[in-house]
Amino acid sequence: MGIFLDAFINVLAFKNLAAMTLLIPLGMMAGALPGFTATMAVAILVPFTFAMDPVMGLICVSAVYCSAIYGGAFPAILINTPGTPSSIATCFDGYPMTLQGRAQEALFTIAFASLVGGFIGTIGLIAFSLPLAKIALKFGPPEYFWVSIFGLTIIAGLSGDSLLKGVAGGILGLLISTIGIAPVGGDVRFTFGISSFQGGVELISVLIGFFCIPEVFKMARNPVGSYLKNTSVGSTVEGYKEAIFKGFRNAFADVVNLIRSSIIGLFVGILPGAGGNISNLIAYNEVKRASKNPESFGKGNPQGIVATETADKATIMGSFVPLLTLGVPGSPVAAVVYGALMIQGLNPGPELFTKHAEITYTFMTSFFVATALTVLIGMFAGVLFYQIIMRLPIRVLVPGILLLTIVGSYAVRNNFMDVIFMLGSGYLGYVLGKLGFSPGPVVLGLVLGPIAEKGLVQGYLMGNSISPGMPWVIFFTRPISIVLIVISLISALWPFYSARRRRRAA
Amino acid sequence: MMLNSDLYGGLVMLVFAAMFWFHIGDFTKFGLMFPKVIIVLLAVTGIALIVKSKIKPQYVESFIKEINKYMTATMLWSLIWVVSANYVGFFVASTISMWAIQWTLSDERNLKTTILSLAVAIGSVFVIYYVFTQYLYIFFPQGFLF
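Quick mapping for you: the protein sequence lines, in order, are chains D and C.
According to my numbering, numbering within the first sequence proceeds without interruption in unit steps and concludes at 506.
According to my numbering, numbering within the second sequence proceeds without interruption in unit steps and concludes at 1146.
Honestly, the hints are just simulated from the structure, not real lab data.
All figures in this text were calculated on a predicted structure; none of them were measured in a lab.
Mixed in with the good hints there might be a few duds.
To be verified - Pairs of lysine-lysine, DSSO-like flavour, derived with a Cα cap of 30 Å:
id, chain 1, residue 1, chain 2, residue 2
1, C, 1029, D, 138
2, C, 1112, C, 1069
3, D, 434, C, 1036
Assemble the whole structure, with the sequences as input and the hints as a guide.
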């Protein structure tokens, strides 16, 4: 207990609080800029931490990481553009709330939800790191394959009106994910003569293309007036005091949702290779599935954004579990932090909890303070962001957003082909959207494609070496695989069961 | 006018499946295993959508009608912007495109709004360019102009 008290005192030192307060708005700006990911924000920060003492450097990392993920929700809610992949599902209900004149309510709802997600995630990181890391280590290629299949079963929840179109969109996403070098075998596939495609398709470009560009085009259709006037037609725009109250009520209206989403976020974060881009979608699907009124999702149900934002905050802490306990960086940000720890002379792994326990616990505890400060500053930043976006005339906002999307798509790999691909995805997203295809399943397929393919091929190779002639048996015989198959089956069949139950009740 | 969305959706999926199928090259067994299954699945789903379009079609409002002159202009300028930036240079292409989109979407076009739009375009592009090149070390294409 004493070590935690010392850790708290360390975190609450004036210089650390000042550094966090200074960095959090910058992290939020980075997160809010489509294409500028939390990894990039942390990577830019890390060189500056070399001159700091290890405690302060790591505290700065936690502040920037938390705030960048938080900032990603602002454009998701206000302009239907996920600032980071962790906010994909926040668009589904956040943007409809904006269209109903409830943008401020949505911004305060995510603040309170983030607070809970961050706190539960930090408690999980501190209390259950070692056992959770051991479970994560038991996941081999067959388990990852089934995790991706389970992920794909949530397509039903993201499909909109037609399940078949949702499935088709998901498969299209999986197919797009195969562009580039094969994860096993090294084949250069489906580049269509464009050398830039050898590195694959950049998720951020597709995200921006499918979610943001169609909205920008729709905005341009009626360019007279401000965004506020055009988006809130027929709705009353609420004041911020009312919005704070409603945000608080939304966040705590369903405590089960808060806890479930936090646990999903924490667990997905622990799995190496999985992250906020998956956890927010799973949490969204689970809240929709558990709801008595699933058809209200996608139309501005606040529980949707509570689930996604709670989950992706808990994922932040989860992603540090394998790094701190085993020395395995499970996410791109964790890999950057791995380098930062090494340069500070700290070897990631068990040594962190023995030789450098004080620094490690201070780092873990700093997530409490980073979360609280992020939420506090985020409330003001959200309102400011809202005021700026909403008051701008459409004729300025449209080219302004286009500029940011172009810069965001380019900045990921310094490659203009990504920008062209982003715009192409935008045109395709617009047409598919009008034909009744939701962008969610396409993006889900794109996110899960590489995990599914790697799991399938590596699992096949494993199976072939264990039982030649029957390589597929391995996918159905390992205990965790069996559990995942059962969960996937339940998840896939649930929409049919639920629909039948509703029909009977009616 | 109403569109049979299942039919057009199915055709789009078949086009994608065909595009990828005809680009299957001399891949190794491991490189081909996953995409081959996915292409077949996409084709099957596309066919299923087309079959559904005949049995139980879903109709949507034709979206061609809602693409007005403002939307068309924005779509075209965006395309010109991203295609030209690599050749003309990011700064010049972005400034001109931003200005042109603002000018197109303006309800009143006079000297004042023209100058104001140009100032907004130059200012926005300059801030982005400066921050990204000076602080984030992300360099944009210079092209033959800038």
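> Is the Cα-Cα distance between residue 434 (chain D) and residue 1036 (chain C) 30 Å or less?
Replying inline: holds, 29 Å
> Straight-line Cα separation of residue 1029 (chain C) and residue 138 (chain D) no greater than 30 Å?
Replying inline: holds, 27 Å
> For the pair supplied as a hint, residue 1112 (chain C) and residue 1069 (chain C), is the alpha-carbon distance within the 30 Å limit?
Replying inline: Satisfied, since the Cα-Cα distance of roughly 23 Å is no more than 30 Å.
Violated hints are absent here; each numbered hint is respected by the structure.
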